[in-house]
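The two chains are supplied separately, each in an independent frame; assemble them into the complex guided by the hints.
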Amino acid sequence: MDQESRFRDGVVAGLPLALAPLAFGAAFGVLAIDAGMGGLAAVVMSATTFAGSAQFAAASILDSGGGAAAAVVAAVLLNARYVPQSLAVASIFPGSKRRRLVESQLIVDESWALAGRSGRFDYGVLVGVGVLFWLLWVGGTAIGIVVGDLFDPEAIGLDAAFPALFLALLVPYLRTRRALGAALLAAAITLALIPVAPAGIPIVAASLACLLGLRR
Amino acid sequence: MSAAWIVVLAVGAVTVLFKGAGPVFLGRRVLPPRALALVEVLAPAMLAALVVTQAVGGDEAIVLDERLAGVAAAGVALLLRAPLVVVMVSAAATAALLRLL
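Chains A and B, in that order, are what the protein sequence lines are.
Following this note's numbering, the numbering of the first sequence begins with 1 at its first residue and continues without gaps.
Following this note's numbering, the numbering of the second sequence begins with 217 at its first residue and continues without gaps.
These are calculated hints, taken from the structure and not from any lab test.
Backbone N, C-alpha and C define an ideal beta-carbon position, used for all residues, glycine too.
Each hint can be trusted.
Far from chain B by the CB rule (all over 10 angstroms, computed), these chain A residues: (1) D2; (2) E4; (3) S5; (4) F7; (5) R8; (6) D9; (7) V131; (8) L135; (9) A142; (10) I143; (11) V146; (12) V147; (13) D149; (14) L150.
Here are the computed distance ranges between Cβ atoms for each label pair: (15) B/L296 with A/R98: 44 to 54 angstroms; (16) B/D275 with A/S118: 34 to 44 angstroms; (17) B/V279 with A/S64: 14 to 24 angstroms; (18) A/A18 with B/A277: 22 to 32 angstroms.
For reference, chain B alone in the conformation it holds in the complex (with noise of 0.2 angstroms):
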């Protein structure tokens, strides 16, 4: 077997296997209060990190680049109270011009 179908099966195999862990092993097991407290403050945190990967990481490095710029449009879009659309776009479209200068 090539090593691309190694890559493929085994990422695909624990993948199945991350994303099915919730549903398929706790499943509709009502969660103790504590547990639940946990999962609210998963989200933000999640979120956080993920704006975090998304706008300034890189190859083992922080990059600060376009996606940054396109970001802090979004912040100001957010703080004007703009709908989502409104200020994905902003961000994309600062990225996008910036790249062209």
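With the rest of the complex left out, here is chain A (with noise of 0.2 angstroms):
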């Protein structure tokens, strides 16, 4: 299958998220605006860090009156676990240093997890969900701003439908004892570190605590 059909793929995997983006790219906006950070800061914020969950706590603690430091350091360990991921896809992308630097920058949860829907990581579905979701984060980042918050994401179950997600796709992996294995160490350590450690934290001990059950 040629690459333009395997990034409309992408595309199309995508789109069933669609709303989610650009409601919770909307809310971020909107609450960029309340912390003071004003919107052309929120929508660079948007298009350069690409990441919610590190933008929602940076613009969070802002607007609690934590500072820049506080705010930095937990987006940065929110987005740690984009390290193993780009580790996991560094040879599919082609192309210069400067070509790859840049579409890497597509990595995210959701582009990651279905790149990797075939079992070998895709790089036509991960840039066409990376394009589809970076232009409606972006844009719904724009139209909080201007708008204020097209609806609650909340309301319409938004936040349920990613676990979902995320659940789904972990299934298919779990035929082998070893995946099985891999999966229920890293949940019972994410279970058990949440309540204790900073966002971030959970998920990357949980992902590198795998690399110690590989020595066999």
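Shown next as structure tokens:
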């Protein structure tokens, strides 16, 4: 299958989720304005960081009077999981270093997870989902700044759709004992760490713990 | 420079590095077999961690709310071999309905 049709596959795969980046993007825009960040800073952040949880955390901290340092630390911890995700897809990006640097910015949980669906990470799917989400995320942020909230994403249960998506993508992996063990271990570690570690740490720790389990 | 812009630029720079780390620094280099095995286990681990975080994660606390009910509905849909869209809509609809009550 050629690259263009894989890209289209990616966009199609991302479409059912399209409401989410749009609505949450608008919610971020509203929060950013409330936090005194200003519209331009908010849009630039959505365009360059392109990571919902980190952006919400940073804006919330600024909103509640926390300093820049606290906001930066929280956001960086939350985005730490992109390092192992990035390493996992290291070889699928074509072209020059500059092109790879730019296109790798399209890595987000959803594009990464959907790209891995077939077993081998698919560049077209990652970029297709990534571009779609990026446009909706930045566009949503702009709408939030200008118009305010579109609607409350939680009122229509969008926040429940994400764990459902990741669960659906997880299930096919669970056919091998190794993968099942890794998933259970990661889930247990995550549960244990959420109450005691800063946001972002549980996911990274749980993912990395599986490295130890590989000593065989 | 305002605190907001410091945050935007600092977080942006670090995130660009994080996301670009693999493709830029490793690039097309073929991973050794052990690293490949690692990557195979990473996906289920990462996904499981994401499920837990997004289903019950709160502000440094476990929060059991309508999201969990949505995930349960998704689980049922998955058992019934529903397509992905149906699975997600089941989760969203369940959470939304419970919040209406």
